[in-house]
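If you use full-length UniProt numbering, the sequence shown closes out at 168, no skipped numbers anywhere.
Don't read these hints as lab results, they were simulated from the structure.
These numbers come from a predicted model, not from an experiment.
All C-beta atoms in this analysis are idealised placements derived from N, C-alpha and C, irrespective of residue type, glycine included.
Please note: incorrect hints may appear among the correct ones.
[Unchecked claim] Heads up, simulated DSSO-like pairs for lysine-lysine below, C-alpha to C-alpha not over 30 Å straight-line:
id	residue 1	residue 2
1	Lys46	Lys115
2	Lys74	Lys115
3	Lys74	Lys152
4	Lys122	Lys80
[Claimed, not checked] Each pair of labels, with its calculated beta carbon distance range:
id	residue 1	residue 2	range
5	Ala144	Glu103	35 to 43 Å
6	Gln45	Gly11	47 to 55 Å
7	Ser20	Leu97	21 to 29 Å
8	Glu103	Ser26	18 to 26 Å
9	Ile158	Arg93	31 to 39 Å
10	Gly81	Glu37	14 to 22 Å
11	Glu103	Glu142	39 to 47 Å
12	Gly11	Leu39	22 to 30 Å
13	Arg93	Ile18	16 to 24 Å
14	Ser20	Lys122	35 to 43 Å
15	Leu39	Arg93	18 to 26 Å
16	Lys122	Thr167	28 to 36 Å
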Amino acid sequence: MQANSAKKAVGEKIHPEILSVTDALSFRVARFSLLNERLGGMNFQKRLGVTLNEWRVIGLTEALAPATVSDVRKMLLMDKGQLSRSVRGLVARGLLLTHTSPEDRRAVTLSLTAKGRVLHGKVLAEAAMRNESVVGCFTAEESAEFLRLLDKLTAHSIARAEAEGLTP
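Whole structure, please, built from the sequences with the hints as guidance.
Next comes the structure, spelled out in structure tokens:
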């Protein structure tokens, strides 16, 4: 587990007191995430014809290329069945190809079709516009700091999960 980089006195609390569930960091992050997902999911479906999960599979297939189903599942923390349904739907629509890995016959590799790459470009541009809207209340410095802190919290949470024997 990562050590806290800031020095603190023994027993000193870092997080403000939690008087109700709405004060908990996990609640606040989850609420923000759900609001953002609902807005984004509705927008992607209406404007580009893909669900949020489909977009994430497409995006990670491109970002992790060559991506395996296992790689994508680990990044998304998605249920195997849900991921399988998304992959099947994308394959059926001609956006994604699946290949058995030559190194490990049990592993399935994903790649975008030409049609999938075109859609990826459109959705990525839409996501960039949405991100600008989401952080519209920040300065550029605040946005960079928020992302830095989010990365730090994510890395810390991964380390905590691994220390507990969980696979993040």
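List of violated hint numbers, smallest to largest:
7, 8, 12 and 13
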